[in-house]
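Sequence lines, in order, name chains P and E.
Add 193 to a position in the first sequence, counting from 1, and you land on the number used in this note's numbering.
Add 6 to a position in the second sequence, counting from 1, and you land on the number used in this note's numbering.
There may be inaccurate statements among the hints.
[Said to hold, decoys possible] Dumping the calculated PhoX-like pairs for lysine-lysine here, alpha-carbon to alpha-carbon at most 25 angstroms:
| # | chain 1 | residue 1 | chain 2 | residue 2 |
| --- | --- | --- | --- | --- |
| 1 | E | K19 | E | K205 |
| 2 | E | K42 | E | K202 |
| 3 | E | K42 | P | K396 |
| 4 | E | K205 | E | K99 |
| 5 | E | K195 | E | K205 |
| 6 | P | K396 | E | K233 |
| 7 | P | K385 | E | K99 |
| 8 | P | K492 | P | K463 |
| 9 | P | K467 | P | K537 |
| 10 | E | K212 | E | K42 |
| 11 | E | K215 | E | K205 |
| 12 | E | K199 | E | K19 |
| 13 | E | K215 | E | K99 |
| 14 | P | K396 | E | K28 |
| 15 | E | K212 | P | K396 |
| 16 | E | K215 | E | K201 |
| 17 | E | K205 | P | K396 |
| 18 | E | K233 | E | K199 |
| 19 | P | K485 | P | K467 |
| 20 | P | K396 | E | K19 |
| 21 | P | K467 | P | K492 |
[Unchecked claim] Derived Cβ-Cβ restraints for the label pairs, each shown as a range:
| # | chain 1 | residue 1 | chain 2 | residue 2 | range |
| --- | --- | --- | --- | --- | --- |
| 22 | P | L416 | E | K233 | 40 to 50 angstroms |
| 23 | P | L416 | E | M140 | 19 to 29 angstroms |
| 24 | P | N415 | E | I30 | 17 to 27 angstroms |
| 25 | P | F383 | E | G152 | 48 to 58 angstroms |
| 26 | P | Q424 | E | G252 | 48 to 58 angstroms |
| 27 | P | A234 | E | G252 | 34 to 44 angstroms |
[What the hints assert, rightly or not] According to the in silico footprint, chain E covers these stretches of chain P (three or more CB under 8 angstroms from chain E):
| # | stretch |
| --- | --- |
| 28 | 254 to 264 |
| 29 | 277 to 290 |
| 30 | 379 to 393 |
| 31 | 396 to 404 |
Calculated directly from the structure, the hints in this document are not laboratory data.
Heads up, the beta-carbon is just placed ideally off N, CA and C, and yes, glycines get one too.
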Amino acid sequence: MSNKVLMKGNEAIGEAAIIAGCTHYFAYPITPQNEIPAYMARRLPEIGGTFLQAESELAAINMVFGASAAGTRVMTSSSSPGVSLKQEGISYLAGAQLPAVVVNMMRGGPGLGNIAGSQGDYWQATRGGGNGDYRTIVLGPANVQELADLTVKAFDLADRYRMVVMILGDGFLGQMSEALELPRPSGEHFEKPWALTGAAGRKHNVIASLRLTPEGELERHNLKLMEIYRQVEEHERMWEADRCDDADFVLVAYGTSSRISRAAVNILRKKGIKAGLFRPISLYPFPYGELKEAARGAKQVLAVEMSAGQMQEDVRLSVEGAVPVDGYFRLGGAIPETDEIVRKVESYGK
Amino acid sequence: MESKGAGYEVIYKRPEAMTDAKTIYCPGCGHGIIHKLLAESIDELGVREETILIAPVGCSVLAYNYIDVDGCEAAHGRAPAVATGIKRVHPDKMVISYQGDGDLLAIGTAETIHAANRGENITVIFVNNAIYGMTGGQMAPTTMVGQVTKTTPFGRDANDVGFPIRACEMINTLECPVFIERVSVFDVKQIVKAKKAIKKALTNQKEGKGYSFVEVLSMCPTNWGVKPQVAADWVRDVMVPYYPLGNFRDR
Chain P
194 MSNKVLMKGN EAIGEAAIIA GCTHYFAYPI TPQNEIPAYM ARRLPEIGGT
244 FLQAESELAA INMVFGASAA GTRVMTSSSS PGVSLKQEGI SYLAGAQLPA
294 VVVNMMRGGP GLGNIAGSQG DYWQATRGGG NGDYRTIVLG PANVQELADL
344 TVKAFDLADR YRMVVMILGD GFLGQMSEAL ELPRPSGEHF EKPWALTGAA
394 GRKHNVIASL RLTPEGELER HNLKLMEIYR QVEEHERMWE ADRCDDADFV
444 LVAYGTSSRI SRAAVNILRK KGIKAGLFRP ISLYPFPYGE LKEAARGAKQ
494 VLAVEMSAGQ MQEDVRLSVE GAVPVDGYFR LGGAIPETDE IVRKVESYGK
Chain E
7 MESKGAGYEV IYKRPEAMTD AKTIYCPGCG HGIIHKLLAE SIDELGVREE
57 TILIAPVGCS VLAYNYIDVD GCEAAHGRAP AVATGIKRVH PDKMVISYQG
107 DGDLLAIGTA ETIHAANRGE NITVIFVNNA IYGMTGGQMA PTTMVGQVTK
157 TTPFGRDAND VGFPIRACEM INTLECPVFI ERVSVFDVKQ IVKAKKAIKK
207 ALTNQKEGKG YSFVEVLSMC PTNWGVKPQV AADWVRDVMV PYYPLGNFRD
257 R
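Just chain P, same shape as in the assembly (with noise of 0.2 angstroms):
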């Protein structure tokens, strides 16, 4: 029997946060994920968690931090400049390499911007918006259902590598309404003997960023974490390439933008030109390989985003110059509509 219900993007995401065994949320409201918190508020309960609003992000960052040192799994939610003030505690947790999952559903800006959905935290979420050399792994969900079971998946790999997962929707897929089929738990068990739990019967553990002695101490940890960084892109690339394979035109777009990209990529192949659509679904790692392999014959690379064309500097890392690529952006909270893509790929024959 299907399991299939309607759910809000952001409904989906704590409910499967839940369904991963997620025991405590720890969130300031902000628009558009004010979904996230109000249903977390009233799950969590029931199931014998924690939902607590905190102070500020500030405040639910550091208790996200807490409660992953003491063992449990955590999750918080925000928008962008919200994400912006948890970017402290993001860098802390990874200096600490403690495991959470943090949803960045993104609005315009910069600033307070507006409340419309956007993709212009990519470079912040990718590149790390805190203080240090660290890395966080950021999956970027494009539907409902994706909401959900990225956010599944989320719980595995923060707990697997120790390190922060950022789930990197927007405002408009928190907002939208799909049937989804509830995903599963993996029912995999990650052992936690570093945790916080009372020192009885072992040596006192510490969860710390800071390194001070020995000297090098703080370079070998960075080391030690660039290699987990390494393990993380050889293992977790995640991508789509849907008719790259004989594409002219390859078309790479992530969330919101792939879906109205894939829409394009339809109306093209109606008319005789051959595009395709490259999805990258993790954007940290970003599967460079597989997209220069997708691009590989192209005449033309376009990046499609709701940002003014960062991960386009992924797209170029990519195809490494091979192929020429160009961007196609809206800002601010604007939406790419799909003719304006058909237009931006036929101007390429002229």
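Following the hints, put chain E in place on chain P, whose structure we already have.
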């Protein structure tokens, strides 16, 4: 008390809850004393194996090297939020947030007030030495009017940067806290009182009573630029009149 050797009885020793690491604190600094009082209290309550100590940014950042319990770092000012996260996962564990004046009353004022306001069942030890120690002696929110620091070279001017903040009095405006007391460690009598307050604050948590706050007026001879004894006298003569010692609340 244990016996050791013929004719000798050990009547004073390092608390079990302290490691044998040498502290990095300056001569005359109050942290060593306060650490010891905390460790003794942990021993006496028998909670060493169920305690999680949060060491935030500042001189006490390495407290987990000295106190032999599970330790957690916190970003500057965020210790009460980290404590909240830990306590909400382990309501049966003893969670202690050990913070300095910059941490608790400047960058972390919001976290301080809101954890107290929620009545988190945690214990906050607030070490007030009227200056920023680790960063080399800049003005703290608790720096006395007229006090010379690196960033108040002509003395703290209340017209410019306001008056020193009284933490106990501020927290005493909130409904939830169950225990608020200001103590000091400038002489032996005060140290005994400080121990009593710290132990009470931990006992409250063990009994599930709620949020307890102990402010300890302490010395920073190095950054005050005085000898340890002068520093202790300065706490008594200058700080205590502005920050009155005593219990503000005991429910």
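Hinted pair, alpha-carbon criterion (25 angstroms max): K215(E), K201(E). Please report holds or violated. 19 angstroms, holds
What's the verdict on K396(P) and K28(E), does the C-alpha distance respect the 25 angstroms limit or exceed it? Judged against 25 angstroms, a Cα distance of about 18 angstroms means the pair holds.
Given the hinted pair K215(E) and K205(E), is their alpha-carbon gap at most 25 angstroms? 14 angstroms, holds
Cβ separation of Q424(P) and G252(E), checked against the hinted range 48 to 58 angstroms: This hint holds: roughly 57 angstroms between Cβ atoms.
For the pair supplied as a hint, K19(E) and K205(E), confirm whether the alpha-carbon distance does not exceed 25 angstroms. 18 angstroms, holds
Given hint K202(E) paired with K42(E) - CA-CA distance at most 25 angstroms: Measuring from Cα to Cα gives roughly 13 angstroms; hence the hint holds.
K212(E) and K42(E): Cα distance at most 25 angstroms? Holds, at roughly 19 angstroms.
Within the stretch 396 to 404 of chain P, is the number of residues with a Cβ closer than 8 angstroms to a Cβ of chain E three or more? It holds, with 7 qualifying residues against the three required.
Using C-beta distances, would you say chain E covers the stretch 277 to 290 of chain P, given that this needs three or more residues below 8 angstroms? n = 4 at 8 angstroms, threshold three: holds.
With a cut-off of 25 angstroms on the C-alpha distance, tell me whether K467(P) and K537(P) pass. 14 angstroms, holds
Holds or violated: K215(E) and K99(E), Cα atoms, limit 25 angstroms. 13 angstroms, holds
Hint consistency between K467(P) and K492(P) [alpha-carbon to alpha-carbon, up to 25 angstroms]: 10 angstroms, holds
Hint 6 alone, counting from the list given before, is not met by this structure.
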